[in-house]
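J.: Those protein sequence lines, which keep their order, are chains D and A. So the first sequence is numbered by my numbering: it starts at 701 and just counts up by one. So the second sequence is numbered by my numbering: it starts at 612 and just counts up by one.
For the record, the hints were derived by calculation from the structure and aren't laboratory data. Heads up, the beta-carbon is just placed ideally off N, CA and C, and yes, glycines get one too. Careful, some of the hints might be misleading.
[To be verified] Restraint-style ranges between C-beta atoms, simulated for each label pair: (1) S949/A with D914/D: 52 to 60 Å; (2) P880/D with N967/A: 56 to 64 Å; (3) M877/D with I892/A: 34 to 42 Å; (4) K731/A with I1052/D: 41 to 49 Å; (5) M766/D with D729/A: 37 to 45 Å; (6) K792/A with I1069/D: 54 to 62 Å.
[What the hints assert, rightly or not] Calculated pairs, DSSO-like style, for lysine-lysine (alpha carbon to alpha carbon, straight line, at most 27 Å): (7) K893/A with K961/D; (8) K855/A with K975/D; (9) K998/D with K893/A; (10) K743/A with K975/D; (11) K937/A with K1016/D; (12) K966/A with K998/D; (13) K932/A with K998/D; (14) K998/D with K792/A; (15) K975/D with K932/A; (16) K743/A with K998/D; (17) K973/D with K743/A; (18) K893/A with K1021/D; (19) K966/A with K961/D; (20) K932/A with K961/D; (21) K966/A with K973/D.
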Amino acid sequence: MFINAMGLILADHKRITLGELSKPRALAAMPIGGRYRIIDFMLSNMVNSGISSVGVIALNKYKSLMDHLGTGSSWDLDRKKQGLSLLPPYINSVNVEKGGEIDDLTGLLNFFQSNTQKYVIIADSNVIFNSTFNEFITRHEESGADMSIMYNRDGIKYGSPSVMLDLDRRGYLRDMMVNPAKPSTTRCSLGVLVLDRELLIDLVSQSIARGEHDFSIEYLLKKYGQYKIKGYEFKGLTLRINSVSSYFSATMRLLEDSVRKDLFWSGLPVYTKVKDEAPALYDENNIVVNSVVSDGCKIMGEVSDSMLFRGVTISKYAKIKNCIIMQDVHISESVELENVIIDKNCVIRPGIKLLGQADYPVVIGKGAIV
Amino acid sequence: MARQEVVALILAGGQGSRLGALTKHLAKPAVPFGSRYRIIDFPLSNCTNSGIETVGVLTQYQPLALNTYIGNGHSWDLDRNNGGTYILPPYQSSGRSDWYKGTANAIYQNIEFIESYDPKYVLILSGDHIYKMNYAKMLRNHIKEEAEATIAVFEVPWEEASRFGLMNTDENGNVIEFEEKPKNPKSNLASMGVYVFNWEALRRMLSEDENNPESSHDFGKNIIPAMLAEGMKLSAYRFCGYWKDVGTIGSLWESNMDLLDTPEQINLMDRSWRIYSRNPIKPAHYISSGARVINSALTDGCNIYGTVEHSVLSNSVTVEKGAVVKDSVLMPGVTIRSGAYIDKCIIGFETIIGKNVKAGASVEGDCKYKNAKLCSDGITVFERGLCIREGAVIPGNCMVELKSGVESDEIIEYSFRVR
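So that you can see chain A by itself, here it is in the shape it has in the complex (with noise of 0.2 Å):
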C-alpha cells in the first residue's frame, strides 16, 4: 500500500452508557442528531476537509448500525482507491482475542493496520463531540513545535473545569501535567480528546503500556502522564470555536437546541466546511396550511400538519394536526398523532406518540419510567420503535423504554422493530 503521510483513528467504540435507551441499539456515534446528521459525521467530514484520506473507524459496542452507516466511505468522500475508512472491530488471532480493553489498547491492536500505511504522524479522535476542525492546521503546528505529541484543548470556564481532563501547561504552551477530573483545577484547558502523535514515539508507548499490567490502556490516564514522565515535548494546540461533548442527555439536547439558538456558532449553512452525511432518499418537507413552525431545524422527508417550536426534527417525522412539539429532538422517523402534546423530549427512531399523549418537561404526574440517573432538566427520552398509548401522561425526567420479556404496559401500547 502506498505510504500515507497521516493516518487517522476515530475511537467509536464505547457504548454511551448515559444515553440510555437512545444507546440501547446503537453506537454513540451513530446517534443522530441536528435534523441531519449523525455524530460521527463530524470527524468523518473534518478528516475529509482537512485532506485527511484515510480513516480508521474503531468499533465494539453495538456497531451494526455504525457500520451500514458509514459503509464504504463514499458519503464522505473516502471511498479511496488508496486509503479511505476502514471499519476496524477487535478481531482473534492466534494467541490472544480480546476486546478492546481501552482507548489505547484499540489502538494498540490494529499497529498492522497503521503500519501498512508507514504513517509519520497518528491523528486520534473520539467519535462523540460535535465540533468543526482544521486537523491539517493542528499538524502544521505540531510540526513546528516539533513535538512527539499536541493534544487539542479547549479554554473551559473556571466553574466547569472541574468535569474535564485538564492539561496544565507551561508559558510556551508544552504540557506538564494532565489530571482528570480534579477537585481544583490548576487550569482550564479541558483535553478535546483529539491527539496527534508521531507513530514512532506512540508505537513505542503502546508497546510499553500494553506490557504494564497496572495500566488501564488509556491515552489520557496511562499514555500523556507516561509520556511526560519520559520528558517528551507535548504541544496543547488551543481550539477556538463550537465544541462540545455530547455525552449526556442533558448535554445531547443541550447542543441541538444550540443550532436554533446560536445558529453562527456551529454554522452548519458554510459551504467551505460542508458536514457532510449519508443522506436519506426522501422528498422536501412539507409544511401544510394551518401548520405551524417557528424557531426549528427541519429535513427532508417532514410533513408538518401541527405545531413544531424551538425543535430539531430529523428526516421523515410527521406532526399530525392539532399536535404540539415543543423545545424537542426527534429522530428519523417519528410520528406524533393528533392532539398530542410533547415538551422537550427526545424521541428515538420511527416512534410513535399516540393522540393525545402528553410528555415532557411541563407536564405533571407520576411515572414508573422516572429516570432522576440520566435524565435532568426535565428531557424524558423514548426509546425506538414504541406506539406510545393514546392519551398517556408522561412527565418530565422519564426514560421510556421497553424492559425485556415486557411486551406493553400502561404507557407503550406496542413496539416493533425499526429497520
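Isolated chain D (complex conformation) (with noise of 0.2 Å):
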C-alpha cells in the first residue's frame, strides 16, 4: 500500500503504429476493450499499486489522450500533491528548427525532480495486463540491481518491436536486441522497468548535456554495460498491441471469459473514463452472439463474436461478424461486416457490405461515411 515510488507512462512508442487507427491519436489512447483506452490499464496498475504521481509523456496527437485523461479524477488522480501530470513535448523555436526533432527530456528533469519518491516505474503503452508493482519492486530492492525490467515468454508471438532480453545465470541483462532474426532467448521485455529516481535525473541529464533527444526503455536498457538491470519475469497474462492485427486478435482473445476473468474480475479494478450512456437496449429480433456490448448501444441486427463500444447503433438485418465496431458508429440496416474494425463516428451506410480477412481486417478511419 505504501509503495515509494511514481510512476512515468510513455503514451507513444517510436517503433508502433496502427495505421490509419492511429492518425488521431497516441498508441495510449486508443480505444480497447469497449469501453477502456490502452492506457487504463497501467495508469490502473499503478494506482492499485499505491502510486499516487503519475507523468503522461505524449510526443504529438496527445488532444484524445488530454479529452480521456481530464483531472485524473476517474484513477483518483486529482490530488493537491502530486496525481496526474500530463507532460506535453518540449517544443521550442530551436528545437523546431532542427528538422522537427522534439526535445522533451528537459520538461522531464524538471518533472522527476519536483517528486521525492525513491524509485521510478517507467510503462510503455502497448502492453495490456492487470497486476500491481509491489512485488516487482520489492524484488527490484531486495536484489540491489541499478534497474529492473519486466518481461514474459510469449512476446515474439506479436512480432515487431520484440525486445529479447538475454540474461546471465544471476538474471542480469547481458544482451539486448530488437527484432533479431533468430532469437537466442524467449525472454521478451514488457517494456515496464523500475529505477531510483535519482539515477534517472542523472541518465537524463546526462543524455541533456551529450545533445540526445531520445528517451525511452529502449534507450534506459542500452545501459547494460554501465549498470547492472535484473530481469523480472511476470507470469500473468498480457496482451500486446504492436500493430493492427495484434491489436484485433487481442480484442478477439477479451471475448474468452479466462482473459477477461484475468483483466477485469481479479479484484483489481481497471479504471476508465465515465460516460453516463444510457444502458444497452435489445430489441426483439435481434441476435447477438459471442460478443462484448458496451453502455448505449441499440442492437437491433445480428452480431456474433465482435466487440462494440459504446453507442454503436446495429440496425435491422444488418449483419456483424468478428468486428471491432467503436463509439458512435452507425450500422445501417442490411449492412454486412467481417473483420473489420471501424472507428470512431463513422456511419455505414444502408446495404453495405466490406469483407476482411481475420488476419488482415479491414480498417475504416474515425468520422468516415461509408
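Put the complex together from the two separate chains, hints included.
T.: See the structure below:
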C-alpha cells in the first residue's frame, strides 16, 4: 500500500504505428475492450499499487489523450499533492528548426526533480495486464540492481517490436536485441522498468548534456554495460498491441471468459473515464452471440464474435461478424461486415458489404461515411 | 457564502415502506432503477441539467447507502466550490432535537442552511419520481406569473385521479383548491411533488406551521392550504412528458418495463438531457454463444449465458447457461444459476438464485412468503443478500425476505452481508 514510487507512462512508441487507427491519437489513447483506452490498464495498475504521482508523456497528437485523462479524477489522481501530470512535448523554436525533432527531456527532468519518491516505474503503452507493482519493486530492492525490467516469454509471437533480453545465470541483462532473426532467448521485454529516481535524473541530465533527444525503455536498457539490470518474469496474462493485427487479435481474446476474468475480475478494478451512457437496449429480433457490448448501444441486428464500444447502433437486418465497432458508430440496415475495424463516429450506409480477413482486417478511419 | 438565486431541496428521508424488502436496508431514493440508475439520479440530474448548483438532500431513514451514493455530488457535476450537494440529516441543537416530523418540518429544520445562500426561490423536490424536467422553465413561469408558489402538475386519466393529490385550478391556471385523494375528483391535475416557492413567503409559512400544534407539517396537507387561505397566488405548472411515482412494487416494476416497451417516452439516450449516475467500475457486458437476449436493457459487468427476455438488468448480473429470466428487474450483482426460471421478479442486490429454482408469476404453488399487501400482479420480490436453495419453488406475489432471528429455511439457504 505504502509504495515509495512514482510512475511515468510513455504514451507513444516510436516503433509502433496502428496505421489509420493511430492517425487521430497516441498509442496510449487507442480505444480497446468496449469502454477503455490502452493507458487505462497501466494507469490502474499504478493506482492499484498505491502510486499517487503519475506522469504521462505524449510526443504529439495528445488531444485525445488529454480529453480522456482530464484531471485524472477517474483514477483518483486529482490530488492536491502530485497526482496526474500530463507532460506535453517540450518544444522551442530552436529544436523545431532542427528538422522537427522534439526535445522532451528538460520538462521531464523538472518533473522527476519535483517528486520525492525513491523509485520511478516507467512503462510503455503497448502492453495490457492487470497486476500491481509491489512485488516487482520489492524484488528490485532486494536484488540491489540499478534497474529491473519486466519480461515474459510469449512476446515473440506478437511480432515487431520484440525486445529480446539475454540474461546471465544470475538474471542480469548481458545483451539486448530488437527483432532478432534468430532469437537466442524467449525472454521478451514487457516495457516496464523500475529504477532509482536519482539515477534517472543523472541519466536524463547526461543525455541533455550530450544533446540527445531519445528517451525510451530501449534507451535505458542499452545501458546494460554500465549498470546492473535485472530481469523480472511476469507470469500473469498479457496482451501486446504492436500492430493492427495484434490489436485485432487482442480484442478477439477479450471475448474469452478466462481472459476477461484475468483482466477485469481479479479484484483489482480497471478505471476509465465515465461516460454516463444509457443502458444498452436489445430489441426483439436481434441475435447476439459471443460478443462484448457496451452501454448506450442499440441492437436490432445480428452480431457475432465482435466488440461493440459505447453508443453503437446496429440496425435491422445488419450482420456483423468478427468486428470491432468503436464509439458512436451507426451501422445502417442490411449492412454486412466481417473482419472489419470501424473507428469512432463512422456511418455505414444501408446495404454496404465489407469483408476483411481474420489476419488482415479492413480498417475504416475515424468519422468516415461509407 | 455567495448568494444563490435558487436552492433545491430533495426530500429523501422517507422509508418507502410499500417497497417492503427492497427498502429494508436503504432509503427509497437509493433503490436501483432502470439498469444503470438509482431513483434519486433523476431529480439530481434534472437539477444539474437545469443549471441549479445548490442542492440539499434531506435524509432520515437508512441514510448510509444514500449518503455513500451521493458522496460529494461529483457524479452529477455537483461538487462545486460555491454550492454543490449537501446531505442534510436531522440534528441535535440546543433546546431541541427532533426527527423530521413531516415534509414541511424537514425544510423548517434546515432554514439555516437555506438562509446561508440567501436565495430568492426555493425548489422542493421529492426523491421518488422518475421523470425528466427542466426546472429552469418552471422557475421562469413562476417569475412571469408573479406567483408566491408554483406547483408542477401532471394530467392523469380521470379514472385514476382519486389516487393522487389534486390541484383544482381556475381558468388562468391558478390553484384554488388542493384535495388529497378525493373520492369525487373535480380535476385531473395531480401534484408531482415539485414546488417552487418565494423563499420569503415560504419561510413565514413554515414558521407559522411549526407553531400550529394541529398541523401534520406536510406541504400538500398544510402549507399549500394555508397559503390558499391567505389568498396568496399559487400557480399550477403543467408538465408534459414521462412521469411516474415508483412508490409501490407494482409501479416500480411497471416503470422499469416502460424503459423497454416505450423507450422513446423517457428517452434515456437523449444526450442533451443525460441522466447521470455513479458509474460502477466494471467492464462492458458479455453475451456468450448460446445466450439469447431480447427486449431487454443491460449494462456494464453483466455476463449472460442463458436467456433474458423483456427484463432490466443492473450491473454485474450473471445469468448462467440454461437459466431463463423473463419480465424481471435484477439489481446489481444478482446471480441466476443454471436451470433456474425467473418470471416477473424483482431481485435485490447480489442475491443468488440457486439451480433449477422456479419463481414468479407463472409458477404454481403456495408459499409462506405470500404477501398480498405489498405485492400485486404476480410480482415476486427477493431481499438482497440471499442465497435461494436449489430447486425451490416460489409462486407470484411473494416477498422473500429474512425474518429477524432466522438464518435459513426451506427456501433461503443462507444470507450474507452486501457491501
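J.: Would you say the C-beta atoms of K731/A and I1052/D sit inside 41 to 49 Å of each other?
T.: Violated - the Cβ-Cβ distance for K731/A and I1052/D, about 57 Å, lies outside 41 to 49 Å.
J.: Is the straight-line distance between the alpha-carbon of K966/A and that of K961/D 27 Å or less?
T.: Within the cut-off at roughly 22 Å; holds.
J.: Take a quick look at whether K893/A and K961/D sit within 27 Å of each other, Cα to Cα.
T.: holds (11 Å)
J.: Between K743/A and K998/D, does the CA-CA distance stay at or below 27 Å?
T.: holds (21 Å)
J.: K743/A and K975/D were given as a pair; does the straight-line alpha-carbon distance stay at or below 27 Å?
T.: Answer holds: K743/A to K975/D is near 19 Å, not above 27 Å.
J.: Could you see if the CB distance from K792/A to I1069/D stays within 54 to 62 Å?
T.: holds (56 Å)
J.: Decide if the proposed pair is consistent with the structure: K855/A and K975/D, CA atoms, cutoff 27 Å inclusive.
T.: holds (26 Å)
J.: Check the hint pairing K937/A with K1016/D against an upper bound of 27 Å on the C-alpha distance.
T.: Holds - the C-alpha atoms of K1016/D and K937/A are around 23 Å apart, at most 27 Å.
J.: For the pair we were handed, K973/D and K743/A, check the Cα-Cα distance against 27 Å.
T.: holds (25 Å)
J.: Do the beta carbons of M877/D and I892/A sit within 34 to 42 Å of each other?
T.: holds (40 Å)
J.: Do the alpha carbons of K966/A and K998/D lie within 27 Å of each other, as the hint requires?
T.: This hinted pair is violated, its Cα atoms lying about 31 Å apart.
J.: What's the verdict on K932/A and K998/D, does the C-alpha distance respect the 27 Å limit or exceed it?
T.: Distance ~24 Å between K932/A and K998/D Cα, so the pair holds.
Going down the numbered hints, you'll see the structure goes against 4, 12, 14, 15 and 21, while the others check out.
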